[in-house]
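There are 2 protein chains.
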Amino acid sequence: MAYNQNLLDYHEDLYPSRIGNTPHLFERRDPVFYGQSSDPGPLNQEQIEFYKKKGYLFFQDLFSQEEIQRYRDELKILSDTASVKKAPQTILEPERQEVRSIFDIHRTNELFNQLSRDKRVTNIITQLLNSRVYIHQSRINYKPGFQGKEFYWHSDFETWHQEDGMPRMRALSCSITLTENNFYNGPLMLIPQSHWYFLCCIGKTPKDHYKSSLRKQEYGVPDNESLRKLVDTGGIVAPHGPAGSVIFFECNLMHGSNSNISPWPRSNIFFVYNSIENTLVQPYCGLEPRPEYIASRDFTPL
Amino acid sequence: MAYNQNLLDYHEDLYPSRIGNTPHLFERRDPVFYGQSSDPGPLNQEQIEFYKKKGYLFFQDLFSQEEIQRYRDELKILSDTASVKKAPQTILEPERQEVRSIFDIHRTNELFNQLSRDKRVTNIITQLLNSRVYIHQSRINYKPGFQGKEFYWHSDFETWHQEDGMPRMRALSCSITLTENNFYNGPLMLIPQSHWYFLCCIGKTPKDHYKSSLRKQEYGVPDNESLRKLVDTGGIVAPHGPAGSVIFFECNLMHGSNSNISPWPRSNIFFVYNSIENTLVQPYCGLEPRPEYIASRDFTPL
Numbered sequence: 001m002a003y004n005q006n007l008l009d010y011h012e013d014l015y016p017s018r019i020g021n022t023p024h025l026f027e028r029r030d031p032v033f034y035g036q037s038s039d040p041g042p043l044n045q046e047q048i049e050f051y052k053k054k055g056y057l058f059f060q061d062l063f064s065q066e067e068i069q070r071y072r073d074e075l076k077i078l079s080d081t082a083s084v085k086k087a088p089q090t091i092l093e094p095e096r097q098e099v100r101s102i103f104d105i106h107r108t109n110e111l112f113n114q115l116s117r118d119k120r121v122t123n124i125i126t127q128l129l130n131s132r133v134y135i136h137q138s139r140i141n142y143k144p145g146f147q148g149k150e151f152y153w154h155s156d157f158e159t160w161h162q163e164d165g166m167p168r169m170r171a172l173s174c175s176i177t178l179t180e181n182n183f184y185n186g187p188l189m190l191i192p193q194s195h196w197y198f199l200c201c202i203g204k205t206p207k208d209h210y211k212s213s214l215r216k217q218e219y220g221v222p223d224n225e226s227l228r229k230l231v232d233t234g235g236i237v238a239p240h241g242p243a244g245s246v247i248f249f250e251c252n253l254m255h256g257s258n259s260n261i262s263p264w265p266r267s268n269i270f271f272v273y274n275s276i277e278n279t280l281v282q283p284y285c286g287l288e289p290r291p292e293y294i295a296s297r298d299f300t301p302l
Numbered sequence: 001m002a003y004n005q006n007l008l009d010y011h012e013d014l015y016p017s018r019i020g021n022t023p024h025l026f027e028r029r030d031p032v033f034y035g036q037s038s039d040p041g042p043l044n045q046e047q048i049e050f051y052k053k054k055g056y057l058f059f060q061d062l063f064s065q066e067e068i069q070r071y072r073d074e075l076k077i078l079s080d081t082a083s084v085k086k087a088p089q090t091i092l093e094p095e096r097q098e099v100r101s102i103f104d105i106h107r108t109n110e111l112f113n114q115l116s117r118d119k120r121v122t123n124i125i126t127q128l129l130n131s132r133v134y135i136h137q138s139r140i141n142y143k144p145g146f147q148g149k150e151f152y153w154h155s156d157f158e159t160w161h162q163e164d165g166m167p168r169m170r171a172l173s174c175s176i177t178l179t180e181n182n183f184y185n186g187p188l189m190l191i192p193q194s195h196w197y198f199l200c201c202i203g204k205t206p207k208d209h210y211k212s213s214l215r216k217q218e219y220g221v222p223d224n225e226s227l228r229k230l231v232d233t234g235g236i237v238a239p240h241g242p243a244g245s246v247i248f249f250e251c252n253l254m255h256g257s258n259s260n261i262s263p264w265p266r267s268n269i270f271f272v273y274n275s276i277e278n279t280l281v282q283p284y285c286g287l288e289p290r291p292e293y294i295a296s297r298d299f300t301p302l
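Residue numbers (full-length UniProt numbering), protein chains in the order written: chain A, 1 to 302; chain B, 1 to 302.
Errors might be hidden in some of the hints.
Treat identical chains as interchangeable: a pair holds within one or across any two.
[Said to hold, decoys possible] The list that follows gives simulated cross-link-like pairs (lysine-lysine, DSS-like), each with its CA atoms no further than 30 Å apart: (1) 207 to 76; (2) 119 to 53; (3) 86 to 52; (4) 53 to 76; (5) 52 to 119; (6) 229 to 85; (7) 119 to 86; (8) 229 to 76; (9) 53 to 85; (10) 207 to 119.
Bear in mind the hints are in silico, worked out from the structure with no lab data behind them.
Go ahead and model the full structure; you've got the sequences and the hints to work with.
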């Protein structure tokens, strides 16, 4: 599927969702890989084909254990800092006062700002999106041991389109694990190939949905039948490995995680890179945009 | 550790719990394996040693797929039957009207009664406990896809001792899976070797605790530090395999499960076999015993 600049009509909603009572899946209307296979870049042909087909890439050793330790130390300081816990950028666990996520970390913290620009990551991103990029969202997720709550299945793009006004699927998430990911600590689960379909969800977005959705999503939630179809096609994977592993996944890939009763916390740093050809417009749900710390409107390329 | 019949003083509480504000672990005061290694039985020496050390045994193919299909069909009928849903033996998911567990299934259903007496299971049980046995508890657990909730870590014996009056550790659970157990559908997780330690939990048992504890346990809940110690020693395992797999685990083995957002339900049939040398006395928490369908006082051996 060739990429056509003329399709970029920001006024037309190519991915309608939350508009009716019947969910349905339809094929995506955008490429997955925007480059040419012959373009130079860190990914080889096989990796590009894998990404196109499955919607993700997993690397076990992009970062050294020493580097990861620095990020972990920094996270520890942040989650123990009272002012950070009270900041609007910080999301606490439902019914608890423990940090679940800290948003906008690339703008508030120098160490994580540098990390967001690390060439080992950005060279892969720009090869896949074939464009300069900016950071749409950044966050650290801290899933504590014993009581880490599940995160239900969702497509990030569905939310970013509806609530942030991201017009097209030309964005990519990068998750850098700060702790070992194993089968017991509620690892990120992906539904391979699900990025090829957009799921039009039911319901209508309420005002200020983000205030509750970051704890527990209630709109833009996939229905069981569609999820079953996607899993029947692509299965489920939970890439696992030591701290420092990196998962790249396409903005429309369905993902989620189970709870974590193991003693092992699961933390990761999460950057969303969006193409500067795909900057935000008004949210398609018709409401006010979410705050800058969740969906940046500073489109300055890295 | 030799087994000493004289220790069986039913009036002495060898496993005090829920009595103070400080949790602590101490070594169990009972054998794990009650037989002689040279006794004839289905388990070989290696399996017995594994069970003694780790506290569980896992078999992938004790039952055929045809047998399992019959049990699954029966479960489907039961969970669709209105009278079953309303019975006190049936526990529904928190906040939902879906069946989570049906207790006392070996007394209310002929098919499951036969299963509870199946020689492939009972010969292993009697070899390990070296005694005739009766069924202390039976149930079917149905963990639905998409919304299956977690079950926090616990030792069954802690509850059976406190709330049912089971004096000693001479009982064994057998879980027969009715669906595939995999890493994504919230499989049973065990902490190997944890059966060697009794965890004295904090708190005091409230009256009629069972009415809420079968949905969500609030007393007899292990503390984080003790759990961490146990996991540091034994790790975590989640035996997985096709429907029809069987897990035997010692009554004091710490276990639990994460939530299940996968589309795949996880169902199993669960029988608890107790030695007729270890029949129930008054509950050690000092309250009324739980109902018969949760803790049988019919000690007739199988």
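Going through the hints against the structure:
1. For the identical chains of this complex, residue 207 and residue 76 are neighbours neither inside a copy (33 Å) nor across copies (41 Å), given an alpha-carbon limit of 30 Å.
2. For the homomeric pair residue 119 and residue 53, the shortest alpha-carbon distance inside one copy (24 Å) is at most 30 Å, but the shortest distance between copies (49 Å) is not.
3. Taking the shortest alpha-carbon separations for residue 86 and residue 52, neither the intra-copy value of 41 Å nor the inter-copy value of 50 Å comes in at or below 30 Å.
4. For a Cα distance limit of 30 Å, the shortest separation of residue 53 from residue 76 qualifies neither inside one copy, at 37 Å, nor across copies, at 37 Å.
5. In this assembly of identical chains, the alpha carbons of residue 52 and residue 119 lie at most 30 Å apart only when taken from the same copy (22 Å versus 52 Å across copies).
6. In this assembly of identical chains, residue 229 and residue 85 lie within 30 Å of each other by CA distance solely across copies; the values are 29 Å between and 40 Å within a copy.
7. Within a single copy, residue 119 and residue 86 get their C-alpha atoms no closer than 33 Å, and across copies no closer than 60 Å, so neither meets the 30 Å cut-off.
8. In this assembly of identical chains, the alpha carbons of residue 229 and residue 76 lie at most 30 Å apart only when taken from different copies (22 Å versus 40 Å within one copy).
9. Taking the shortest Cα distances, residue 53 and residue 85 never come within 30 Å of each other, neither inside one copy (40 Å) nor across copies (44 Å).
10. Proximity of residue 207 and residue 119 under a CA criterion of 30 Å is satisfied in neither setting, with 38 Å inside one chain copy and 61 Å between copies.
Comparing the model with each earlier hint shows violations of hints 1, 3, 4, 7, 9, 10; every other hint is respected.
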